[in-house]
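Q: Listed here are the chains, written in short residue letters.
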Amino acid sequence: MVSGYELKIKMKRNSSTKKEQQFWAYIFLFFPLMLLAIFVFIPILFSLVISFFDWELMASQQKFIDINNYIEIFGDKIFYKAILNTVLYTIGVVPIQTMLALFLAFVMNQKIRGRTFFRTAFYIPAVTSSVVTSIIFVAIYSKEGLLNSILGIFGFAANDWLTNPHTALISIMMLNIWTTSGYFMVSFLAGLQNIPNSLYEAAKLEGATKRQQFWHITVPMVRPVTYFVVVMGLIGCFQVFDQVFVMSDGGPNNATTTMSFYVYQNAFRYFRLGYGAATAIVLAGIIMIVTVIQKKYFPPNPY
Amino acid sequence: MVKSTLKYIMFAFSLALIASCIRDKENTIRFSSWQSSPSEKRLTDSLLHCFAKKYPEYNVKFELIPGNYSEKIQLMLGTHTAPQVFYVKDFVAPSYLRYDVLQPLNEYIDKNTSFDIDDFYPQFLDAFTKNGKIYGLPKDFGCFVLFYNTDMFKAAGINDPPKDWAELEEFSRKLTKDTNGDGKIEQYGIVVEPSIDKLMPFVFQNMGGFQDKDGNLTLNTPEFQGALEYYYGLYKKNIATIPTDVSMNNTEEVFGRKRAAMVISGGWFVPQLKDQYTDVNYKVAFLPKGKQMATIAFTVAYSSPKENSLKEETWKLLSYLTGKEGMKAWTSTGIAMPTRKSVAAQLDYIKHPEYKYFMGSVDFAKVFQVEYNERWYSITQSAMQAIFYQKADIPQKLKEMEDDMRSLRLKK
Chain A
1 MVSGYELKIK MKRNSSTKKE QQFWAYIFLF FPLMLLAIFV FIPILFSLVI SFFDWELMAS
61 QQKFIDINNY IEIFGDKIFY KAILNTVLYT IGVVPIQTML ALFLAFVMNQ KIRGRTFFRT
121 AFYIPAVTSS VVTSIIFVAI YSKEGLLNSI LGIFGFAAND WLTNPHTALI SIMMLNIWTT
181 SGYFMVSFLA GLQNIPNSLY EAAKLEGATK RQQFWHITVP MVRPVTYFVV VMGLIGCFQV
241 FDQVFVMSDG GPNNATTTMS FYVYQNAFRY FRLGYGAATA IVLAGIIMIV TVIQKKYFPP
301 NPY
Chain B
1 MVKSTLKYIM FAFSLALIAS CIRDKENTIR FSSWQSSPSE KRLTDSLLHC FAKKYPEYNV
61 KFELIPGNYS EKIQLMLGTH TAPQVFYVKD FVAPSYLRYD VLQPLNEYID KNTSFDIDDF
121 YPQFLDAFTK NGKIYGLPKD FGCFVLFYNT DMFKAAGIND PPKDWAELEE FSRKLTKDTN
181 GDGKIEQYGI VVEPSIDKLM PFVFQNMGGF QDKDGNLTLN TPEFQGALEY YYGLYKKNIA
241 TIPTDVSMNN TEEVFGRKRA AMVISGGWFV PQLKDQYTDV NYKVAFLPKG KQMATIAFTV
301 AYSSPKENSL KEETWKLLSY LTGKEGMKAW TSTGIAMPTR KSVAAQLDYI KHPEYKYFMG
361 SVDFAKVFQV EYNERWYSIT QSAMQAIFYQ KADIPQKLKE MEDDMRSLRL KK
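These protein sequences, in sequence, are chains A and B. FYI, in this note's numbering the residues of the first sequence are 1 to 303. FYI, in this note's numbering the residues of the second sequence are 1 to 412.
Next up, chain B with everything else stripped away, as it sits in the complex (with noise of 0.2 Å):
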């Protein structure tokens, strides 16, 4: 009996072995994506589907992930398991680049010179760059701009959008109102929110930064703390609102449920405003001058990592994906904007009533990057809450965010 039970055992130890050898095929393409939404996965089977039409040798496996997409790629390179292509948001690509984990392309990009290179708009290309070489090739980008509620500017007896500073606080005063006379607020100009990524378009419009180009902080510099102050202002005057004051999740919200004016806000907000708030008439517009243009874009490149035994098929992939072709497949729905110029002509983005400011954007837009360790960004958002619901003193806060960050400082 006992030898029997152990027979099963063994039995079913085998069976579990075979299982975990069971692989994909030899010279299968792994692929990694987040889902911001069920369109955007659509897009990317349909992506795929049209690789694979054209190049029926290659096998290209979709492998979705869901959330906490950047733990989880970060723990496949450092196991070795990494998909052979996935994202990378500007956002982490300083912490990524810094380790030996990404392939370089330069090589590839060298050897094919259909691929054109010089296409892409050179800032997306930077954020990916490091010491000369390219570690990821950006497959589109959003940037920020203002949404304004045309119904209320035409209610207020105002005809265009802000242009500058002064401007945004003087419509933002006209368009806070008690509409049913209770005594409360319910219409404020502009929606803003404690956070770092909507203050950075300010600080740059201000001449600012977050650090300098050896990579020092410059926080406490009056540039900066003069771009938090007006920011702040704007809600102290009470002119502004932030959405955990009228109870909702996110600034996109209260300007969709009409509760603000003006909003700050990307090309993913478009299709949020067809689907949902259906009622809304708005129009997009640059954001308003400080002491310069300014705004803040977002890109996500395609990377593929150094350890990968199919490097000429990954090339492939990569290539269609961010080539002419792919991208303009990509970017036709109007999901995101291309990084290509020649893309973006040919779908006529730039006379596009509503994509033209995105483009136009790029002209002033900064890729916003910090070479510290992720842990600035709670240090900042802390510190911008204690601000906005604390009323901490700026200056203080401004000093010792720095002092917080200085040790976190990426190594090289």
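If we strip away everything but chain A, and leave its shape as in the complex, we get (with noise of 0.2 Å):
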């Protein structure tokens, strides 16, 4: 019980150290803000600026060349290629990799054995460095890898996934599946606890199924999350690079050209940094239409 006359002592108390909290917030907030500026706000301009230019590293001076960059862009045959294979690759991941992750913390969810151990199990590879993970994969689609040998049984002929044009793309987005399913799981298993019990009985005394349930039930009140877990996965699919890295550099054919890969190979392997950098403004565009469009039609909370 907290009498009127403490009540009022608390009050002013706290109204008199408002200025000296604030001027603390703004403290901790400085070293953070300051970070985020000169390593995110700043350089995010700064491509912006340079992306007019023809910027070469080496020269002395850099030369405006207006919207050149931009409309040489729209003729590259490449950047086509890694439009698509962005698109493809997102279509294919992300969906799959959100019915998996809720699938997953459904069945994680029950009281079954070794729970404890299969939690584990799927997370470890979201915990697992993408290259660590990417070389074990390199290994596991080569012709003579594991793979193969597991197909061959079932007398599959040998394939060379990653140097096969038509299943290169496939082969890293079967892998980016496996390491993100884990990831998200979790997310859906915390949304999965704070759906409260008691809807479960009710379903239950009315007689609905393990299935009615998880449609009806489980769907729904994750909403948020899948929201949360659609963009975070469509984001990390428009912006995939390190498996693309190690496993394909692109190939074969540019087979696996995504476009943060076409980023990264115009500014630092063709030292095209004005270029590189209109690419990138390209992709961060198309990426916020995906996501307005995702929040305009799929809203996080209908209800």
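Keep in mind that the hints are not guaranteed to be accurate.
[To be verified] As a list, the in silico DSS-like pairs of lysine-lysine whose alpha-carbon atoms are at most 27 Å apart:
1) A:Lys143 to B:Lys177
2) A:Lys77 to B:Lys391
3) A:Lys143 to B:Lys391
4) B:Lys328 to B:Lys311
5) B:Lys328 to B:Lys163
6) A:Lys81 to B:Lys391
7) B:Lys198 to B:Lys289
What the hints contain is simulated information worked out from the structure, not anything from laboratory work.
Bring the two chains, given one by one in their own frames, into a single complex with the hints.
A: Encoded structure:
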């Protein structure tokens, strides 16, 4: 019980320190903000600026070329190929990874034997460095590797997954689904644990099956989490880089050149920083548009 | 309380400021290189140590760049923080020479006649020369030769390495075998790869080239096309393999693990054969002759940035490293071949059972340089992959390559 007098003192104390609190808030915010500014905001603005230049590292003077970089992008065959690859990649990965993550979380939320072990097992790929998982998968996908020997048992001919232009992108997609669904499983698990048990109990009383419970209680109730998972998944897919860099280097014949990889290639392999920045800006624009569309048509909380 | 915190912050700031002001000693020569093997690093250290002993008045600081070398050097040149001496590969030299960033060395070379610039093999100097100005001194070179497995040759009843294209194909056919009788080929005649570097010797042997004297592309020519068709033909006829088909990383590994009887590689493969693949009996030979003898050579130079407050000191180090004494120390382990005639003679590499093929290749070896933006390499790699993996039409791909590359020509 707080008496009126004590309350007054408390309020007074609070109000008297408000200024000081604000001061501290700014002090604490200052360093992270400064770091963000130096390493994020300023570079973003600067890349916008240099996308209008023919920017070369070693040149003594940079040439302003207006929107010529952007004009070149729209006539660049490889850029279109990169967009196509990225879109295919996203369409393939995001739905499967989201559904798989939800399914895994649903199963892991049941009281089954060895639950902790399974949770750990599914989460390990998410905490393993993507370079490491990529190298493991390079071995699995190689012509005399694990995947081909398993398929060989069923009589399939050996395929070199990463140098065959028809399968290279799919191979990287499979790797990505495997690594990220564990991570998103944890997000869904947190969401599932927020669903009050009373809903399931009520459904059980009404005679709903496990499947009906899943589709009519679990799926709608974790919708905010689904939204988060889909947005993060989309952004992650649009920016996929490390797996491509390690596993296929954009090859064979540009079959796995994604947009962010193409940005990297232009800026740091071909040393065309201006053109690379312009492609990065276009990539950012595309991600923004997709997120806005998603937000408009699939709001996180329709209720 | 607020005041004291501010004091701490100010203190931290000034510490950071002081830390950023601590610099190397005034006259320290910074030296940067990549490192292809631990033994190369040891060699660099010992060479710099010798220099320090001979010239104790100079300080040299070795700053190793372990990865993304070209990116880092370009960035340092662009931000005026480049080391005084660094490696430049022949491959990237055209794009470096385009900008006015490297120090022309002519005045120093002319002043110091004892340096003896005429002692260098001219094609290696030419790789770093533009309009008569020398921007880099080649420290060593390597070139493609043919390695062949003598046991496999003996088993197939062949005594000598192939001398020309016809023999290369004939021998490859004889050496391609299903050794355990399971219907699959275990041993291929030769291992190739979808890469422009390995193709270019064949193009030069076929009297072709990547570009003509004026810099126009010459991919869509009978010479280039003929070489590519021959090279790809070895693979198509199933008498050659590529590393990915046998789940290996590179052609050297395929040869070392006895899945192919021949491989085209350079001097860097010799230590690997001696340490890693000790059970492989091999010999070295010149690349087989097409219409003419040809191979490609790789060279690396020491260069120095134009912006440099220690020009005299830098020249001291440069002239030591590429002088007769320094180059002899550098190449005496056989890690690479000397670019000076006198050093090659002194080390007796011209008569050495293996090295004589590298030194002998100098007569017909070409340094492969392309005056196009670095993207040309990706374009050619993609095209080679399309040909090898997707059986793309060769003449059409060559035409496409030219079309895609034309706009990438380096501005003069």
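Q: If a hint holds in the structure, say so; if it doesn't, say that too.
A: How the hints compare with the structure:
For the proposed pair A:Lys143 and B:Lys177, the alpha carbon gap of about 19 Å is at most 27 Å, so the pair holds. Under the criterion of a C-alpha separation no larger than 27 Å, the hint pairing A:Lys77 with B:Lys391 is consistent with the structure, at around 20 Å. For the hint linking A:Lys143 to B:Lys391, the alpha-carbon distance of about 19 Å falls within 27 Å, and the restraint holds. A hinted pair counts as satisfied when its Cα atoms are at most 27 Å apart, and B:Lys328 with B:Lys311 qualifies at roughly 24 Å.
Restraint check for B:Lys328 and B:Lys163: not satisfied, since their Cα atoms lie roughly 32 Å apart, outside the 27 Å limit. In summary, the hint linking A:Lys81 to B:Lys391 is supported, as the alpha carbons are separated by about 20 Å, within the 27 Å threshold. A C-alpha spacing of about 15 Å is found between B:Lys198 and B:Lys289, which places the hinted pair at or below 27 Å, so the restraint holds.
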